[in-house]
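Colleague: Sequence:
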Amino acid sequence: MVFGAVMPAFTGLANWMIPLMIGAPDMALPRMNNWSFWILPFAFSLLLSSLFMEGGGPNFGWTFYAPLSTTYSPASTGLFVFAIHIMGISSIMGAINVVVTIINMRAPGMTYMKMPLFVWTWLITAFLLMAVMPVLAGAVTMVLTDKYFGTSFFDAAGGGDPVMFQH
1 MVFGAVMPAF TGLANWMIPL MIGAPDMALP RMNNWSFWIL PFAFSLLLSS
51 LFMEGGGPNF GWTFYAPLST TYSPASTGLF VFAIHIMGIS SIMGAINVVV
101 TIINMRAPGM TYMKMPLFVW TWLITAFLLM AVMPVLAGAV TMVLTDKYFG
151 TSFFDAAGGG DPVMFQH
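Position 12 of the sequence shown, counted from 1, bears residue number 12 in full-length UniProt numbering, the numbering being contiguous throughout.
Wrong hints could be hidden among the right ones.
[Unchecked claim] So the derived label-pair ranges between C-beta atoms look like this:
1) Gly55 to Met110: 48 to 58 Å
2) Met130 to Val6: 34 to 44 Å
3) Pro30 to Val2: 42 to 52 Å
4) Met130 to Arg31: 15 to 25 Å
5) Met113 to Gly150: 46 to 56 Å
6) Pro74 to Lys114: 26 to 36 Å
7) Leu117 to Thr151: 42 to 52 Å
8) Phe127 to Pro67: 11 to 21 Å
9) Phe37 to Phe127: 35 to 45 Å
10) Tyr112 to Ser45: 36 to 46 Å
Hints in this document: simulated from the structure, not taken from any laboratory. Given the structure is predicted, the values throughout are model-derived calculations rather than measurements. Ideal Cβ positions, reconstructed from N, Cα and C, are used throughout, including at glycine.
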């Protein structure tokens, strides 16, 4: 829900408001903007198709809590993780576009201190997204390797730490 609806909706609002607020004609990277939008329906369809796989949909919630997602999860976990990876790629592409637009396409005379607060919040949010999404991708990839390849990042019986996923 967060990756498939909330984040794309807020990114759409930023795509509409940021150019208006900084005096730019459009976003800086329109093709990347287009790609970040159009890979979302593909990722969302993968996410929904994981609900109809054998064994049912993922039963570990949106948090991917490690013991539930590694030990007690159905076969649809792999498809679910792949869909989350694609949604993360879309978020990173949108964040790059926001940062490049704010830094390079401000109106003449608009310094950083003259930018509206909404633009500032999106600049900071975009930098945070670029920093955090690869970490999330690494964490869910570790969940995937625990489930399918026998690693024990989050399995206490194998020397792993189940609480590590929360950090």
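Colleague: Against this structure, judge whether each hint is valid.
Modeller: Each hint, compared with the structure:
1. Gly55 to Met110: 48 to 58 Å: holds (54 Å)
2. Met130 to Val6: 34 to 44 Å: Given a distance of about 18 Å, which is not inside 34 to 44 Å, the answer is violated.
3. Pro30 to Val2: 42 to 52 Å: Once the Cβ atoms are compared, 26 Å apart, the range 42 to 52 Å for Val2 and Pro30 is violated.
4. Met130 to Arg31: 15 to 25 Å: Hint holds: Cβ distance 18 Å, inside 15 to 25 Å.
5. Met113 to Gly150: 46 to 56 Å: This hint holds: roughly 54 Å between Cβ atoms.
6. Pro74 to Lys114: 26 to 36 Å: violated (53 Å)
7. Leu117 to Thr151: 42 to 52 Å: holds (44 Å)
8. Phe127 to Pro67: 11 to 21 Å: Hint violated: Cβ distance 32 Å, outside 11 to 21 Å.
9. Phe37 to Phe127: 35 to 45 Å: Hint violated: Cβ distance 21 Å, outside 35 to 45 Å.
10. Tyr112 to Ser45: 36 to 46 Å: Cβ of Tyr112 to Cβ of Ser45: about 40 Å, so the range 36 to 46 Å holds.
Hint compliance for this structure: hints 2, 3, 6, 8 and 9 are broken, all remaining hints hold.
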